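Chemist: Given next are the chains, with one letter for each unit.
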Amino acid sequence: MDAVTLRGRKEGFELNIDAGADFDQALVALAELLNKIRLEQPQLGSDQIELELTTGRRLLNDAQKQALATVFEQFPEFNGTSIQSEVMTIEQAEIDRRENSIHVEPNVLRSGQEVNYVGDVLFVGNLHQGAMLKATGSIFVLGEVAGIVHAGFPDNAEAVVAGDLSHALQLRIADAVEILDHQKTPFTAQSVSFINDLHVIDYGELTDLKQINPKLYRKMKEQ
Amino acid sequence: MGTALVITSGKGGVGKTTSSANIGTALALLDKKVCLLDLDIGLRNLDVVLGLSNRIIYDIVDVAQGRAKLHQALIKDKRFDEKIYLLPAAQNADKEALTPDEVTAIVNELKEEFDFVILDCPAGIESGFKNAIAGADGAIVVATPEISSVSDADRVVGLLEEEEMRIAPRLVINRIRRHMMNEGETMDVDEITKHLSISLLGIIFDDDAVIKTSNAGEPIVMDPKNPASQGYRNIARRLLGETVPLMTLKQHKVGFWARLFGKQ
Numbered sequence: 001m002d003a004v005t006l007r008g009r010k011e012g013f014e015l016n017i018d019a020g021a022d023f024d025q026a027l028v029a030l031a032e033l034l035n036k037i038r039l040e041q042p043q044l045g046s047d048q049i050e051l052e053l054t055t056g057r058r059l060l061n062d063a064q065k066q067a068l069a070t071v072f073e074q075f076p077e078f079n080g081t082s083i084q085s086e087v088m089t090i091e092q093a094e095i096d097r098r099e100n101s102i103h104v105e106p107n108v109l110r111s112g113q114e115v116n117y118v119g120d121v122l123f124v125g126n127l128h129q130g131a132m133l134k135a136t137g138s139i140f141v142l143g144e145v146a147g148i149v150h151a152g153f154p155d156n157a158e159a160v161v162a163g164d165l166s167h168a169l170q171l172r173i174a175d176a177v178e179i180l181d182h183q184k185t186p187f188t189a190q191s192v193s194f195i196n197d198l199h200v201i202d203y204g205e206l207t208d209l210k211q212i213n214p215k216l217y218r219k220m221k222e223q
Numbered sequence: 224m225g226t227a228l229v230i231t232s233g234k235g236g237v238g239k240t241t242s243s244a245n246i247g248t249a250l251a252l253l254d255k256k257v258c259l260l261d262l263d264i265g266l267r268n269l270d271v272v273l274g275l276s277n278r279i280i281y282d283i284v285d286v287a288q289g290r291a292k293l294h295q296a297l298i299k300d301k302r303f304d305e306k307i308y309l310l311p312a313a314q315n316a317d318k319e320a321l322t323p324d325e326v327t328a329i330v331n332e333l334k335e336e337f338d339f340v341i342l343d344c345p346a347g348i349e350s351g352f353k354n355a356i357a358g359a360d361g362a363i364v365v366a367t368p369e370i371s372s373v374s375d376a377d378r379v380v381g382l383l384e385e386e387e388m389r390i391a392p393r394l395v396i397n398r399i400r401r402h403m404m405n406e407g408e409t410m411d412v413d414e415i416t417k418h419l420s421i422s423l424l425g426i427i428f429d430d431d432a433v434i435k436t437s438n439a440g441e442p443i444v445m446d447p448k449n450p451a452s453q454g455y456r457n458i459a460r461r462l463l464g465e466t467v468p469l470m471t472l473k474q475h476k477v478g479f480w481a482r483l484f485g486k487q
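Residue numbers (the working numbering), protein chains in the order written: chain L, 1 to 223; chain H, 224 to 487.
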């Protein structure tokens with residue numbers, strides 16, 4: 001198998017760099033291949049051709065990406081900036097896993113304490129007055145809340161807060177802040193708070209979540 | 224090796240010093256050797272409550288900075304032969320005069336000699352508080368049935384939990400006015416304990432005699448009949464591992480005839 005292969009696909013051209021090949025040799029092969037195309041198709045050059053680079057089970061490091069870019073600099077008629085790999089680093093996988101999983105917070109959060117989460121939070125602890133629970137995703141409240149909950153921190157307006165907030169001081173979603181007036185908004189365990197189309201915090205029932213936030217509903221169904 | 228307990232509250236004026244003096248004295252009455260440490264640098268008053276202020280020569284800052292030996296600075300309370308000692312705070316230094324390491328060193332030295340080392344913490348959560356909790360094995364959080372006090376106690380419990388002491392913090396609810404609590408005008412004992420979610424060590428009823436005896440430099444626990452004194456005595460017994468039931472909140476109503484003819 002060649003170190004570098006070019007395929008035509010429905011979406012465009014795919015340039016595969018074989019994961020088993022030596023990278024330096026692959027770069028030489030790539031330069032040769034591009035040069036060959038340039039010689040055989042001299043009419044090229046008016047439009048830049050997008051090449052989708054795939055590296056299979058090889059993950060390019062920064063130096064390798066730089067080397068690739070240097071090769072493409074010699075062939076301005078091709079654009080090879082999009083690089084796809086079938087693998088990812090453990091670090092990146094861990095970040096993704098954290099962002100897409102639900103965290104359970106079982107502790108008592110006391111006055112002055114602030115807890116931050118990346119992703120969604122299932123809150124089963126006790127949030128005291130003066131404490132704050134922040135999450136980049138949604139917050140699902142089972143425990144008692146007397147402090148401040150902040151979902152979608154800092155700017156994720158898709159986030160919701162589900163559960164009983166009848167003793168909470170403030171509700172924050174993304175950049176919206178609501179000082180809760182408990183006469184006005186009676187909460188139950190089935191309540192859901194969200195940001196509506198006017199970018200104002202609004203309240204509904206969990207059974208209506210599909211209408212309120214279809215995107216979140218789909219995401220939950222997939223999980 | 225003794226146990227060092229810090230008495231703290233966050234909020235001022237809830238009875239940290241009074242509780243320190245009385246819990247310490249109650250432990251001494253149960254035949255334990257107790258050293259009381261005043262860490263409220265600049266605003267010392269544990270010595271006043273114990274009636275020992277006229278005998279201060281050296282203080283804790285002198286010890287920390289090597290101007291005096293520890294045993295030179297310790298003041299013996301003559302009423303309880305060899306049972307209670309006080310290490311007073313400095314009055315003319317500020318709170319930054321001590322470091323957590325210095326306090327820990329002093330407390331560790333005292334723990335070798337005493338059964339209990341009681342640290343009277345200053346109000347607030349700044350350096351004075353940090354010094355006080357650094358040397359302690361456990362904490363007693365004092366709160367009164369007021370929302371401001373409970374809220375501050377909550378903050379303090381949070382800070383204490385971060386510290387991960389050997390003994391989990393315990394709660395003393397001080398200055399309970401029985402009639403107000405019975406009528407639901409203040410948070411009740413269960414509510415406060417549940418809110419702070421730490422175990423309850425004891426309750427102390429509000430009593431005029433506490434102030435009166437404090438002014439006289441004589442801890443209330445010396446009077447065995449007084450309800451506040453009984454509360455402190457129960458706390459001391461619980462600290463030693465005894466199981467003592469909580470005092471009842473019910474008030475004894477004085478009848479009409481008893482009021483007419485009863486002795487005051």
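Just so you know, the hints here were simulated from the structure itself, not pulled from any lab data. Just so you know, not all the hints are guaranteed correct.
[What the hints assert, rightly or not] Distance condition first, Cα-Cα at most 30 Å in a straight line; then the derived DSSO-like pairs of lysine-lysine:
hint : chain 1 : residue 1 : chain 2 : residue 2
1    : L       : 215       : L       : 10
2    : L       : 219       : L       : 134
3    : H       : 306       : L       : 134
4    : L       : 184       : H       : 334
5    : H       : 306       : H       : 292
6    : L       : 134       : H       : 417
7    : L       : 36        : L       : 65
8    : H       : 306       : H       : 334
9    : L       : 215       : L       : 134
These numbers were taken from a predicted model, which means no experiment stands behind them.
Chemist: Taking the hints in turn, state whether each one holds.
Modeler: Status of each hint after checking the structure:
Restraint check for residue 215 (chain L) and residue 10 (chain L): satisfied, since their Cα atoms lie roughly 29 Å apart, inside the 30 Å limit. At most 30 Å may separate the alpha-carbon atoms for a hinted pair to count; residue 219 (chain L) and residue 134 (chain L) meet this at roughly 20 Å. At most 30 Å may separate the alpha-carbon atoms for a hinted pair to count; residue 306 (chain H) and residue 134 (chain L) exceed this at roughly 51 Å. As the CA atoms of residue 184 (chain L) and residue 334 (chain H) are separated by approximately 57 Å, the hinted pair breaks the 30 Å bound.
With a C-alpha separation of about 20 Å, the suggested pair residue 306 (chain H) and residue 292 (chain H) falls inside the 30 Å cut-off, and the hint holds. Note on residue 134 (chain L) and residue 417 (chain H): the hinted pairing holds, with a Cα-Cα distance of about 24 Å set against a maximum of 30 Å. Restraint check for residue 36 (chain L) and residue 65 (chain L): satisfied, since their Cα atoms lie roughly 22 Å apart, inside the 30 Å limit. At most 30 Å may separate the alpha-carbon atoms for a hinted pair to count; residue 306 (chain H) and residue 334 (chain H) meet this at roughly 14 Å.
The suggested pairing of residue 215 (chain L) with residue 134 (chain L) holds, with an alpha-carbon distance near 21 Å, which does not exceed 30 Å.
Hints 3, 4, counting from the list given before, are not met by this structure.
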